[in-house]
Amino acid sequence: MKKFILTLAVTSLFLSSIANADVDKEALKKKLSERMPSLTVEGINPSPIKGLYEILVGADIYYVSEDGRYLVQGRMFDLVDKKDLTEEKLAVAKAKLINTVSAEQMITFKAPMQKYVISIFTDIDCGYCRKLHSEIDQYMAEGITINYLFFPRAGVNSDSYKKAVSVWCADDRNAALTASKSGSNPPPEKTCENPVDEHMALGDALGVRGTPMMISPKGTVYPGYMPAKKLAEALSQENK
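Reading the sequence shown from the start, the letters are residues 2 to 241 in the numbering used here.
In short, the hints are calculated from the structure, not lab data.
Quick reminder that beta carbons are idealized off the backbone N, C-alpha and C, glycines included.
One thing to keep in mind: the hints can contain errors.
[Stated by the list, open to error] Result set (DMTMM-like, lysine to aspartate or glutamate): computed pairs, CA atoms no more than 20 Å apart in a straight line: (1) Lys230 x Asp85; (2) Lys84 x Glu199; (3) Lys83 x Asp68; (4) Lys51 x Asp85; (5) Lys90 x Glu55; (6) Lys241 x Glu143.
[As the list claims (entries may be wrong)] For each label pair, taking beta carbons as the anchor points, the in silico distance ranges come out as: (7) Asn240 x Arg76: 32 to 40 Å; (8) Leu40 x Lys111: 38 to 46 Å; (9) Glu88 x Ser183: 34 to 42 Å.
With the sequences and hints as input, model every part of the structure.
Right, dumping it as structure tokens:
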């Protein structure tokens with residue numbers, strides 16, 4: 002703990018000594034590209050700490066010194082306002098990504114009296130994904146419309162992946178998904194043009210590590226299974 006505090010103090014002293022002038026963002030972006038070619042920087046903005054800049058990479062936030070030498074990975078907290086500043090920016094970035102997916106690229110279970118919408122990355126063979134889907138009527142009764150995206154954890158060409166493709170290629174995708182998740186009379190293996198690879202790439206960009214993973218239109222992530230009433234309460238709080 003003492004080492005952490007000392008490091009923080011030294012870092013703060015270093016940062017406060019840096020000039021206040023705005024950095025040349027294009028020049029900084031070029032430096033980062035040269036030093037970390039795999040890093041695709043989508044945006045650079047000043048952070049609350051002078052001399053430290055926030056960079057957006059997909060749905061990830063990093064911090065970099067204005068000379069492009071030091072890269073910091075981690076959370077930034079405002080201890081006075083009691084805010085996780087990084088989480089606020091992450092939510093905005095994630096919202097932007099999830100809201101680019103059109104309705105035609107997802108499988109939707111629409112609530113008759115819709116109050117909320119949630120997108121769920123799912124794996125047909127995931128136990129908690131199956132549990133969640135077995136309670137789909139409860140979610141819709143709470144006014145929650147569910148948009149499903151596929152994220153077969155075993156990867157491309159796995160059994161789960163092939164099941165996802167078969168569901169997408171079925172005449173009735175909703176019925177096929179329900180049948181596959183229940184294990185009763187799943188649709189026959191079938192291929193067609195499908196968005197499963199795009200779903201997986203989006204999941205990777207959003208940091209999906211397990212399923213189910215739920216994300217709201219505002220970019221708030223709800224990892225794992227959550228009962229319908231609890232999710233409705235969380236979405237209600239989020240929308241206040």
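These are the hints, each one checked on the structure:
Note on Lys230 and Asp85: the hinted pairing is violated, with a Cα-Cα distance of about 27 Å set against a maximum of 20 Å. Pair hint Lys84 plus Glu199 does not hold up; C-alpha atoms about 33 Å apart against a cutoff of 20 Å. For a cut-off of 20 Å, the pair hint linking Lys83 to Asp68 is broken: about 30 Å separates their Cα positions. Taken as a hint, the Lys51 and Asp85 pair is honoured in the structure, with Cα atoms around 18 Å apart against an allowance of 20 Å.
For the given pair, Lys90 sits about 10 Å from Glu55 by alpha-carbon distance, which is consistent with the 20 Å threshold. Annotation: proposed proximity of Lys241 to Glu143 holds, straight-line Cα distance about 17 Å (limit 20 Å). For Asn240 paired with Arg76, a C-beta distance near 24 Å fails the hint of 32 to 40 Å. Roughly 39 Å separates the CB atoms of Leu40 and Lys111, a value that falls within the hinted 38 to 46 Å.
Distance hint check for Glu88 and Ser183: the Cβ-Cβ separation is about 36 Å, which falls inside the suggested range of 34 to 42 Å.
Hints 1, 2, 3 and 7 from the list above are not met by this structure, while the remaining hints are.
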